[in-house]
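Trainee: Spelled out from the first residue to the last, the chains are:
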Amino acid sequence: MVLGLFRKEKMWGPHHKLKSHYDVVIIGAGVHGLSTAYYLAKNYGITDIALLDKTYLGGGNSGRNTAIVRANYSTPEGIRLYSESLDLYEGLSKELNFNMLLTQMGHMSLAHTDSAVNGVWKRAEINKALGVNSRVIWPDEIKRMVPALDTSQHTRYPIKAALFHPPGGAIRHDAVVWGYAKGAEALGAEIHPRTTVTGIDVSDGAVKGVRTSDGSFVGADVVVNSTSGFCSTITKMVGVDIPVVTHQLQACVTEPVKPFMSKVVVSANLHVYVYQTDRGELVMGSEIDPYSSYSPLSTFQTLEAIAGHAVELFPGLKNLRILRQWSGVCDMTPDYSPIMGRVEEVKNFILDVGWGTYGFKSGPASGHNIAELIATGKTPDTIKPFALARFDANAQVSERGAAAVSH
Amino acid sequence: MISAYEGDTVASALYASGVRTFSRSFLFHRKRGLLCVSGRCPNCMVTVDGVPNVRACCEPAREGMKVKRQNGWPSTDTDIFSGVQLIERFLPVGFYYKTFINFPTEWANTQPMIRRLTGRGSVKQELARWNAQAASGGHGDRFEKQYLHPDVVVVGGGPAGVFAALAASRAGASAVLVHDQPSLGGHLRFEGDTVDLGSVEGAEEFSGMRGYELAAKLDRLARAEENLRVYDNANAFGLYESNEVGVVQGNKMLKLRAKQLIISTGAGEYLTVFKNNDLPGVLLGSGVRRMLALYGVPPGKNAVVVTNNDSGLSLANALLEAGVKVSAFADARTKVDTSSPRFEALRKSGAILLTGYSIKEAEGGGRVTGATLIRLDENGAATAGTEKSFKCDTICLANGFEPDAALLTQARCRVSYDEALGEFIPSESPASVQTCGDVTGIHDLRCAFLQANIAGLQAASGLASATKAPAGKLNELSASLKSAETAYRDRLASQGPRPIIGIVSEPTDGKGRKPEMNGFACICEDVKEKELAQAVEEGFRDIEILKRYSTLTMGPCEGKMCATPGVGICARETGRSIADAGRTVSRPPYLPVPMGALAGPGLHPVKLTAMHYKHLEAGATLMDMGEWKRPHVYTSVFEEYSAVRTKVGIIDLSTLGRLDVKGRDAPKLLDFIYTHTMSKLQNGKSRYGVICDDAGAILDDGTVTRLGEDHYFITTSTGNIDFVEQWLTWWAVAKKWEAQVTNLTSGFAAVNVAGPRARDLLRTLTDVDLSTEKFPYMASGSGLVAGVPCILLRIGFVGETGWEIHFPAEYGEYFWDRLMEAGRPFGIMPFGVETQRLLRLEKMHVIVSQDTDALSTPYEANMAWVVKLDKEDFVGKAALTFAKDEVPQRRLVGFTVEGEVVPHDGDQAFSPDGSTLIGVVTSCRYSPAAQKPVGLALIRSDLSADGGTFLVASGTSKLNAKITFVPFYDPEGRRLKE
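Line by line, the protein sequences are chains A and B.
Start counting the first sequence at 1; every next residue gets the next number (the working numbering).
Start counting the second sequence at 1; every next residue gets the next number (the working numbering).
By construction, these hints were calculated from the structure, which means they are not laboratory data.
No residue lacks a Cβ here, since even glycine has one placed at the ideal position from N, Cα and C.
One thing to keep in mind: the hints can contain errors.
Unchecked claim - For lysine-lysine, the following DSBU-like pairs were computed, each having C-alpha atoms within a straight-line distance of at most 30 Å:
1) A:K258 <-> B:K68
2) B:K301 <-> B:K145
3) A:K94 <-> A:K143
4) B:K530 <-> A:K94
5) A:K54 <-> B:K68
6) A:K258 <-> B:K530
7) B:K607 <-> A:K143
What the hints assert, rightly or not - Examples of chain A residues toward chain B, derived with CB under 10 Å:
8) N43
9) N97
10) R156
11) T246
Claimed, not checked - Residues from chain B that keep clear of chain A, each with C-beta distances beyond 10 Å, as calculated:
12) F100
13) Q111
14) T118
15) E378
16) P430
17) E476
18) P556
19) P589
20) P592
21) M625
22) D660
23) K736
24) S849
25) E898
26) D970
27) K977
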């Protein structure tokens, strides 16, 4: 352990010059793109990979999410994918020799109304049926776990029950980005930050390569779209429309304080979630803004709403100060499930998009499965239900209930 | 116990009484003292009356307040955790990423320990919701909000802000000025020099007096100005889209929306990086000026002043005037004219004057005892062997200002490095945002005056109420500004380049030994210079990821102390210019804002029905349904159930959404929204209707009643009224159809009177013919019931003869009383939501969103009959046309189980052999009619054959469920049609 302290190692770089051709070009150097590159190299020996990102490494939603991980989804398809991801997260620090500070503190989704109680019961039951550790807990136990919560009956919406998911928790999101980046580069992949893709060349129904903001053309056998808020505009570059609408999602963080609470607490009824990081800050967020937008600017109204709802849950927080707010743009699909895999119209163009507000949690499993798809040419069972074609076949995978505010 | 003068802050009172250590640092628990004295740095955060992280230097001292220092145990003066310093070299940048890797054991064990060490102050876990003590002023939990919509908002109360506010309001604009000080005038309040604004028109009234005199005059003028409102001690923390400014003033939040904004937030000093730069006794020059001028508290007895700009000299003189000895004065610039009278005064006092010198190290342990100064070469690099050491108890740093441009960057102004000014200055502000004063990077009062007048006139120029500025006035001001700015820049250029930007780099000793780089780049998070250097070496070259890896600028000062030095270090280590290294994006809020202020008074709407208090009298337990309170149950479900099935029951349905849709195109609109054909509905008839989305999934259900040719009355589910109203209105507008949608929900109340004696009861109160011949099932009518005008719908959600009666809400209690009274002979009982759920379940009537989910189509819910594909286009038609011929993935089925155990709503359904998950129980109750548990389940359609079975996992039991599509009660529906 102590030896690790003095380890001064090259994480990545220096910056490469783009080559004229790669086996695989991945658009978007966030958790999804980086893990895809890493698993391609590690599991399949495919190392001729370029990752292109229009901002800095992990500057999109990988750096803007609130770093919560969990597997307590509400469909068998979702549960399978996110469970795979949580399993990978658990072993990731060791595998990449980079501590990502995973803390499985337990994840609690509060229910304040009858229908919400039904909702958490339903999720607990399907979780149990599929081997995910979840159960319904009642106000007494909630109060014991998080004494700071106002579990009294005088609140406007008294807490009636909660879905408790012990393995849920948080991980340092930037560390996940850096760990994967380090791992991918060590195996030969190249990361090119501040390189914007402006076009994708397609001929004879197959993708040929991408064009970048500096005017160069980069050939590729396979192009992967691992972007988020702008994924529909990237996909449009190959002439394909995807049912994605972009919304803003906002979050904020308080000044650090001594340990105040030790669980992730989510309230879908109050549109807010709160947890305390290792540094002592309280991270809080809301659901997506109700209107669609590509704006990167945070809003006053959402900040007021988050603070108001958090204080409603935790009256003790009213004198704690908010240090910073920020927002990201999320690619929402009609069923709140992602779009993964090939598109019928264009060969060798792979989608890993539509991740809405829950992409970070699934980063490892997505990369793992997308890498398998690229290397073997076969779509792994785990991601089959998430094909783009499901929208034409009335085969959507509804995660609305589990994904809305439950980050 | 500490005494204070009126006007003292907590910090000035503590300092005057000898306190020097104000806090312990975040990671190493080092002693920290006053530094900025302006609320910008993290050093003086204390707990005041239980509120953590209060900036002592900005908090007015009040009688009886309890102040506690933070982050030390057992106390801030003696902190056992300061031992962390001893192992400091084991804690390099990002150390936590590199250690404790063997998850789960090592990190899981270490994490709780680290958590206790980090964090500042603590929040009481429990705080009473209404804290009486808080009403006494100061911090507490009574928060309020105020909304203002002036023409112009000026942020910043320095000279530029006041000049601009005066100019704008004198030109006819209504203006609001917010600033964070108790009085206006900014830095002029502590300037003794005579002000000369030059020979510009309008400047005469402000020239020829001392700085503090002008400050007082500006304060007077601004408060006397009719069109101008001044908010003191008010912090503007956010600038949002559409010129919305968020301001916190004590426990009040101001929300300002202005046509024009003038940003004159000034500039702040930042910390310089050198060894021991965090010792108590190291203070920023502007902070010292504040202490001397505003509170009369000298920082020490013996000071060393370190500067690289003109502010250092004024500071040194101010110290002398206050009786503080200046041992040494080091100006990093070489071309400074040291013959001025002020230098003369310094020299006379015995101070050693050094040009081309800066600081290498603060000496002392726990507090400053001396300073080591060092000579810089022409590139600004320190030269080994030129050190000079001075004894002192205070080191004043006047090493550069940085424009407070955070609000501007929030409004998407770019910030770029101006090589000549040596500062990051804002550029390209949006048309509705003007800037003036120090925030532009020009630290010159003449320029500020001209900028402010231009800003004020421009802000007012577009307003209808404003007087037009005389033609040419703006041009004239602009020309004057141009020449004044050129003069300022020329003067700077004549003093040679600014030799150090945020950091005094250590000399290399020529023997290849690495510099120590032990200074603190970031005092919030205890990040040292060497750690940034190491991070760059590891690959974190981009300022954005360097920030995230090292946590530079991410602490409570949000970069106010460390952004510029951090860029300086990043630039040096990556071999780039400061301009190329760039700046990280600043995010709101500009300064930390209490959550209570954002939350406001915390008023939450509660909707009560017109009969609410009657329900309370009857002993109902209530439940929340959306914003409404509804009776859940009155006596017991069984009693209420029996009353409805055998006699008569009454339920309050006031919470149902109600819409009135009128107009030529109303039938067309409803045909388009509902899956059913509503244009063919006969006058006086009602119909069950389902609304679907584009994918054919059910959004809402309710009844549609035709009141006339172009007139409909619609009910929606309780929670969906707002959505359905918007949905109808949106489509009426989108299609350009003539249809008015009016929300009647709160104007009406409603009850359902149901049961075999319902007709007998109602006949005692109305002349409306309720016979089945005249008023059959699904008919509607209107008339007086108990003298109250009503709409009656014959609907049977609970499966009995019954009428849903809608009537004006003001008759609520009267109507309820009359029904209860008249019903007594018939055995009437009120029933709640829980009883209704059971009654409807026995009839297999679906509750949308409980028995369906976000993807359920009418086909899945066995409601193919509500979908009319033979009409023109409607929402969801394409998807439903497709779905009609497909076997649905899932199907809603009825089921019964044998035995005592009643499955819970939400229990999971498995294939008969128990191997496969096939769906979910959506509703289940014990049915008195069937004498067994009955329910609905949404399961895989290939396993949903009538008479088939599946397993339900309920708790520890697995129950055999038998599928049926026949309602559990009155399958022929005879009773509701009787």
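Trainee: Does K607 (chain B) pair with K143 (chain A) here, judged by a C-alpha cut-off of 30 Å?
Mentor: holds, 28 Å
Trainee: Take a quick look at P592 (chain B) and tell me if its Cβ sits farther than 10 Å from every Cβ on chain A, holds or violated.
Mentor: violated, 3 Å
Trainee: Measuring Cβ to Cβ, find out whether F100 (chain B) lies farther than 10 Å from everything in chain A.
Mentor: F100 (chain B) not clear of chain A: closest Cβ-Cβ about 6 Å, inside 10 Å.
Trainee: With 10 Å as the cut and Cβ atoms as the points, is N97 (chain A) at the interface with chain B?
Mentor: holds, 6 Å
Trainee: Check the non-interface label on K977 (chain B): least C-beta distance to chain A beyond 10 Å or not.
Mentor: holds, 31 Å
Trainee: Run the distance test for K258 (chain A) versus K68 (chain B): straight-line Cα separation, threshold 30 Å.
Mentor: Given pair K258 (chain A), K68 (chain B) holds - Cα atoms ~15 Å apart, limit 30 Å.
Trainee: Are all beta-carbon distances from S849 (chain B) to chain A longer than 10 Å?
Mentor: violated, 7 Å
Trainee: Beyond 10 Å from chain A, beta-carbon-wise, is D660 (chain B)?
Mentor: Holds, because the least Cβ-Cβ distance between D660 (chain B) and chain A comes to about 26 Å, which exceeds 10 Å.
Trainee: Please settle this one: E378 (chain B) was flagged as non-interface, so is its CB more than 10 Å from every CB on chain A?
Mentor: Non-interface label stands for E378 (chain B): nearest chain A Cβ at 30 Å, farther than 10 Å.
Trainee: Say whether it holds or is violated: P556 (chain B) keeps its Cβ farther than 10 Å from all Cβ of chain A.
Mentor: violated, 5 Å
Trainee: Check whether the Cα positions of K94 (chain A) and K143 (chain A) lie no farther apart than 30 Å.
Mentor: violated, 35 Å
Trainee: Just want to verify: D970 (chain B) was marked as not at the interface with chain A; is every Cβ pair farther apart than 10 Å?
Mentor: Fine: 27 Å to the nearest Cβ keeps D970 (chain B) off the interface.
Comparing the model with each numbered hint stated earlier shows that hints 2, 3, 5, 8, 11, 12, 13, 14, 18, 19, 20, 21, 24 do not hold.
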